[in-house]
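Quick mapping for you: the protein sequence lines, in order, are chains A and L. Under this note's numbering, think of the first position of the first sequence as 1, with each following residue one higher. Under this note's numbering, think of the first position of the second sequence as 1, with each following residue one higher.
What the hints contain is simulated information worked out from the structure, not anything from laboratory work. Please note that the accuracy of each hint is not assured.
[Unchecked claim] Each computed SDA-like pair below joins lysine to any residue, with the alpha-carbon atoms no more than 20 Å apart:
1. Lys3(A) / Thr121(L)
2. Lys3(A) / Ala36(L)
3. Lys208(L) / Lys184(A)
4. Lys188(L) / Asn176(L)
5. Lys3(A) / Leu25(L)
6. Lys208(L) / Lys190(A)
7. Lys184(A) / Asp134(A)
8. Lys332(A) / Ala36(L)
9. Lys190(A) / Ile173(A)
10. Lys583(A) / Lys332(A)
11. Lys327(A) / Arg31(L)
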Amino acid sequence: MLKEILLQVEKPARYIGNEINMVVKEAENVDIRFAFCFPDVYEVGMSHLGLQILYYFLNRREDVYCERVFAPWHDMEEKMRELHIPLFALETGDELKKFDFVGFTLQYEMSYTNIVNMLDLAGIPIWSEERGEDDPIIIAGGPCAYNPEPLADIIDIFYIGEGEVSYDELLDIYKENKKNGGTKEDFYEKALGVEGIYIPKYYDVEYKEDGTISRFAPNNEKAPAIIKKVIVKDMDNVFYPDKQLVPLIETVHDRVTLEVFRGCIRGCRFCQAGYVYRPVREKSTDRLLELADSLIENSGHEEISLISLSTGDYRGFKELAEQLIDKYSEDKIGISLPSLRIDAFSLDLMEKVQAVRKSGLTFAPEAGTQRLRDVINKGITEKEILDGCKLAFDGGWTRVKLYFMTGLPTETDEDLMGIVRLSDAIVNKFFEIPKEERKGRPISVTISSACFVPKPFTPFQWAAQSTVEEFGRKQRYVKHNITKKQVKYNYHEPELSSLEGVMARGDRRLAKVIVRAWELGAKFDSWSELFNYDAWLQAFEDTGVSREFYANRERSYDEILPWDHISIGVSKKFFIDEMERAKAGQVTPNCRRQCAHCGAASFGGGVCFE
Amino acid sequence: MNNNIKYRIEFTKTDRMIFIGHLDLLKLFQRSIRKAKLPIGYSWGYNPHQLITFALPLPLGMAGSGEIADIQLTRRMDTDEIKAALNGSLPHGISVLCVMEIEAGALGCAAAVAWGDYCVTLDKKYDDFEETVNNVLEKKEIYIERTVKKKTKTVDIRPLIRSIHVDNSGDVTEFNCNIATGSQGNLKPDVLIEYIFSLMGEVPDLLKTDILRGTLYTEEEGVLLPLCPEEKFI
Ligand code: SF4
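Looking at chain A on its own, in the form it has when it is part of the complex:
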């Protein structure tokens, strides 16, 4: 029967597993079955490094079998619903109900409807309190878990921090409890003692008349008042897989990935990743070279990618890059170096590793004027960008991509105009090259402009987000002022960013909006062809929840924020200081230049102790 439906859907290989390096175990012979769910399609989920790490990390235990589950594309979902086929895991094909744990990774807010949909497809009750002893335990982690509240009534357990730290302890407790015939409740109570574990039902929240939170407190004496994230201290000795799943169909990032370090020294004030992964912790060059060898050997991939938030900030970057090139160019293994700053060295490097495709160069100024770049603490100057472009043009690159955001705090039309001016300046830079040397090559500058979404655990967590209408006006303003034909302007749909803005800083009252939107047909919201804005508008109306309250309202520093019981190790005081510095246009140096005493040194490792 499965064959019949697989032949009627797009890309059937999404649903068959069976990749090189898939883990095969006898499901009957393990104590714990764990379904790792990625709430998006296979090609997106398989490109995600965290999945690859956690998959092998959990499977390294003989008593655990971790399998993968992805969101079926709508064509497959239709067939599954029609024929009553419950959502299944790729490895064994078993339905999710047979698992002990169903774990979701929360990579972006707009995947929440997919989580609801996947639970429903699995025949598992959506609301935590409606699930019984026989249902799996629903656990979730990942970057969006730092504000778990919108999903607090749906997810049973949140895991706050890096998976390698507490999962062993949690699973041991589960196994022990299961063996002793304990209930779920028994397990949850014991799990409260595990670092990084947040179980929402043991906390109560009360609201003021104006809708803000008046009180948030544990209702169980074992529940910690503050849940602090757990992170790996020693990156060299922590588990890292020596192989990777090699997909049978093309995925978004089709290559083996080498994680160089976690965290980011920069402290851009809009960037949640830059704060929640603090402090920076590096792997040693020797360890990385050793891992690169085994990854390539065990996967057969033709490309290896160095991954981090800002790879050029790795202290041993030059040595690592040169050694990798030395080692692998003969075997025709490509090296991809995303997120590099453009300078003479990196251009030379790119020349070496990407000889084949002289694709575009990417800069992320994020804001159009120096003033606003100072506000957001984006340490890149116009001169640096123009010098980088000059070098690139001389080296034969002619396509430049620029990333900007609109709607940043304190932004004026002058800053928007700066986007246009900067793009023009790049085009002019190109035409400074003597005509003979340009050889008729065309230049193109593509502006990609996103809508700013204020995120928890950033200095801008108190800021108001622009409304859909304001975003629209800003985008039109930029577009209207572009006169050069070499400059192309792409912009994100503000509707989606606006909903993201609601979810990102949402509280427990949002779950009913998510579920209502799903009932009205919302899913795969981040796929523009499936995004159903009307369903969301209707859902807010039906539930009487105000979007403006969450997205477009400026908070005061003394308001209890929905995520205040979660600690990322960076203090609230630091964020307040940073917000004030932002308003004053003062930049804060990066961690290596000068420690700003954010609080993350409390983890006892990484850049704070270099």
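Given chain A, put chain L with the ligand in place with the hints provided.
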């Protein structure tokens, strides 16, 4: 031209692997060859690729028990060693049955392939199936309409059929056939099944039909020779 040694590989594509398409299969082989550390030869040029060619893509959903590919290695290796290395790298559902060295000047598999065995299992038992097939085989010519690139042509498919053997003894109808499979002449088994059904006044449910492509042959002076003749009778 080059000093590469050419090898012919016979392999299966079954189970879940019937759901991956031809380009994905090519990529899978490239990665498995790399993982197996075979000294694969590369093409010259700006964007070098591995020297590997397949006889004929297998349609999505169809299984194969005797698929053929040719590869070029930069040094001579024991064929059993190549087979073991590849089988150690390929996922379940693809396994190498035999590897043989072929002469430098021999015709490549894609040019050589001309006929193929197919084993078809229908969705249920059709009582008049055998009789219908016998009628088909008695015909001297069979003209059917085929649409290629939006143009409808009438073609004679009779020369593209060498044999059909029906087995109606089980719960469902099965048949084996040997039909033209290659660049010179090609008859898709689907087309043959549809034609036979049309004579019975029915339309086949192809989604419920299992098709396994078996041995692939080349033709020399009217004689069929398996493309990878070694270890054929085990
Ligand atoms: S404590 Fe200092 S060095 Fe450590 S992460 Fe915070 S700012 Fe950076």
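Status of each hint after checking the structure:
1. Under the criterion of a C-alpha separation no larger than 20 Å, the hint pairing Lys3(A) with Thr121(L) is consistent with the structure, at around 14 Å.
2. Between Lys3(A) and Ala36(L), the direct Cα distance comes to roughly 30 Å. Violation of the 20 Å bound is thereby established for this hinted pair.
3. A C-alpha spacing of about 44 Å is found between Lys208(L) and Lys184(A), which places the hinted pair above 20 Å, so the restraint is violated.
4. Distance hint between Lys188(L) and Asn176(L) is fulfilled; the C-alpha atoms sit about 14 Å from each other, no more than 20 Å.
5. Restraint check for Lys3(A) and Leu25(L): satisfied, since their Cα atoms lie roughly 18 Å apart, inside the 20 Å limit.
6. Distance restraint check for Lys208(L) and Lys190(A): the Cα-Cα separation of roughly 51 Å exceeds the 20 Å cut-off, and the hinted pair is therefore not satisfied.
7. With a CA separation close to 9 Å, the supplied pair Lys184(A) and Asp134(A) stays within the 20 Å bound.
8. The straight-line distance between the Cα atoms of Lys332(A) and Ala36(L) is roughly 15 Å, inside the 20 Å bound, and the hint therefore holds.
9. With a C-alpha separation of about 7 Å, the suggested pairing of Lys190(A) with Ile173(A) holds against the 20 Å cut-off.
10. Of the supplied pair hints, the one linking Lys583(A) and Lys332(A) is violated, its CA atoms being roughly 50 Å apart against a limit of 20 Å.
11. As the CA atoms of Lys327(A) and Arg31(L) are separated by approximately 18 Å, the hinted pair is consistent with the 20 Å bound.
When held up to the earlier numbered hints, the structure conflicts with 2, 3, 6 and 10 and fits the remainder.
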